[in-house]
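Full structure from sequences and hints, please.
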Amino acid sequence: MRTLAPRRLLASSTLAAALWILVVGARWAFSQLPDGAAQLGNLVPDLVSSSLLWGPIGGWLIVIGLGGAIAVALCHALFTALAARRGALLVGAWFAAVAAGAVVGLAFDVAAAWSSVAMSGPRGILVGEFGASAAAGALWGLVVGWMPGLVARTPAPARADADAAPQARGPVWLLPAAAVAVVAVVAGGVLADQARTDAIQAEVDAQRDIEAQNTFGALPDPHAPGEPVPTAAPASGDLDPQWCTPDKATPLLGEPDAATGHRGLPIRLMNFSDEPCVIEGYPDVAFGDQNQHLLAVTIERGGSFMTQDPGPQRIEVPAGGYAVTYLGWDAASPHGALVTKTVYAAPTAGMERGSWGLDFDLDIVEGSTVAITAWALDPNPFPSQ
Numbered sequence: 136m137r138t139l140a141p142r143r144l145l146a147s148s149t150l151a152a153a154l155w156i157l158v159v160g161a162r163w164a165f166s167q168l169p170d171g172a173a174q175l176g177n178l179v180p181d182l183v184s185s186s187l188l189w190g191p192i193g194g195w196l197i198v199i200g201l202g203g204a205i206a207v208a209l210c211h212a213l214f215t216a217l218a219a220r221r222g223a224l225l226v227g228a229w230f231a232a233v234a235a236g237a238v239v240g241l242a243f244d245v246a247a248a249w250s251s252v253a254m255s256g257p258r259g260i261l262v263g264e265f266g267a268s269a270a271a272g273a274l275w276g277l278v279v280g281w282m283p284g285l286v287a288r289t290p291a292p293a294r295a296d297a298d299a300a301p302q303a304r305g306p307v308w309l310l311p312a313a314a315v316a317v318v319a320v321v322a323g324g325v326l327a328d329q330a331r332t333d334a335i336q337a338e339v340d341a342q343r344d345i346e347a348q349n350t351f352g353a354l355p356d357p358h359a360p361g362e363p364v365p366t367a368a369p370a371s372g373d374l375d376p377q378w379c380t381p382d383k384a385t386p387l388l389g390e391p392d393a394a395t396g397h398r399g400l401p402i403r404l405m406n407f408s409d410e411p412c413v414i415e416g417y418p419d420v421a422f423g424d425q426n427q428h429l430l431a432v433t434i435e436r437g438g439s440f441m442t443q444d445p446g447p448q449r450i451e452v453p454a455g456g457y458a459v460t461y462l463g464w465d466a467a468s469p470h471g472a473l474v475t476k477t478v479y480a481a482p483t484a485g486m487e488r489g490s491w492g493l494d495f496d497l498d499i500v501e502g503s504t505v506a507i508t509a510w511a512l513d514p515n516p517f518p519s520q
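Following the numbering used here, the numbering of the sequence shown begins with 136 at its first residue and continues without gaps.
In short, the hints are calculated from the structure, not lab data.
Hints are all accurate, no fakes.
Label pairs and their calculated CB-CB ranges:
{"#": "1", "residue 1": "Ala394", "residue 2": "Thr332", "range": "48 to 54 Å"}
{"#": "2", "residue 1": "Pro447", "residue 2": "His470", "range": "36 to 42 Å"}
{"#": "3", "residue 1": "Leu168", "residue 2": "Ala466", "range": "49 to 55 Å"}
{"#": "4", "residue 1": "Pro391", "residue 2": "Arg343", "range": "27 to 33 Å"}
On a predicted model such as this, the values are computed, not experimentally measured, just so you know.
Just so it is clear, CB atoms sit at the ideal spot from N, CA and C, and this is done for glycine as well.
Now the structure itself:
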């Protein structure tokens, strides 16, 4: 009778692990080539999900490669020892390579799908290509398993004396060691996948920071909380029939002005009707941010560093004439802030607000205080003309 020598078992399983890590390394190396050449990697079995083999050489790549190779070696040794009890050394070691590749591949499939399962339950298994690494591992064992099989087929002659202990049983620690190695592969794969997710998120955050530095205000956030800008403010009383209502007059946004640390912006009311209309007091003004929400700004009636408030008075705007009000505020840093992207205004509270999407930067930010002057006649609305 011929039995499997422990040294042959060790050599056969070590060869299986070396062949496994050789294929994994070749697949990873092809993936690092330029786009066209990287397609050659499709000729190599994908023993480990590409989501687990990320980044340059080192770190998680070494953990996944060595962890998988150790698991393949232990599983191969376990399955070979079990098959050797029946004396089928070549076929047994060949089958052991198929089984070891499939078991370790399945462990990597579980690791790659772990985050999806954690979020979606069992349905997460349907996301991606669950089972692909197990199938590739079985195919790998079928193709290369004859080589470890040839090594295992060279046995040591059995001892003739009755006291000789049968060697085909294999070390009793192989089963728990192989189980621990497979569990370690799953754990290492889960950690590698999480590290990849964290690295991607860090890259996205860094890109957002770069964009934010080159963007006026914070980047738009479609999920940001906030309230839409109301179409009108509550009316303080009934409107006079002679007032400059929307069928007689319309607000026009002017050009901003600036001094050191201070800002100003005119809003004019043009009477486009054939008859005079009346306006009194202060306009209704609001601001919208980059997320199309109402910007939290304090509105104060009165003048500022750049504006003078004439006080509320009843004025008559002639046909084709203009009234004007001025907004004044102090400069503020827009970096990372909610800023004004839309200005809303109505001649007085209770009327429907018109709006202007800005094609210039306006540093009225969240928390700013804006002073508004009362309406006054504007005898020279376009001084440069």
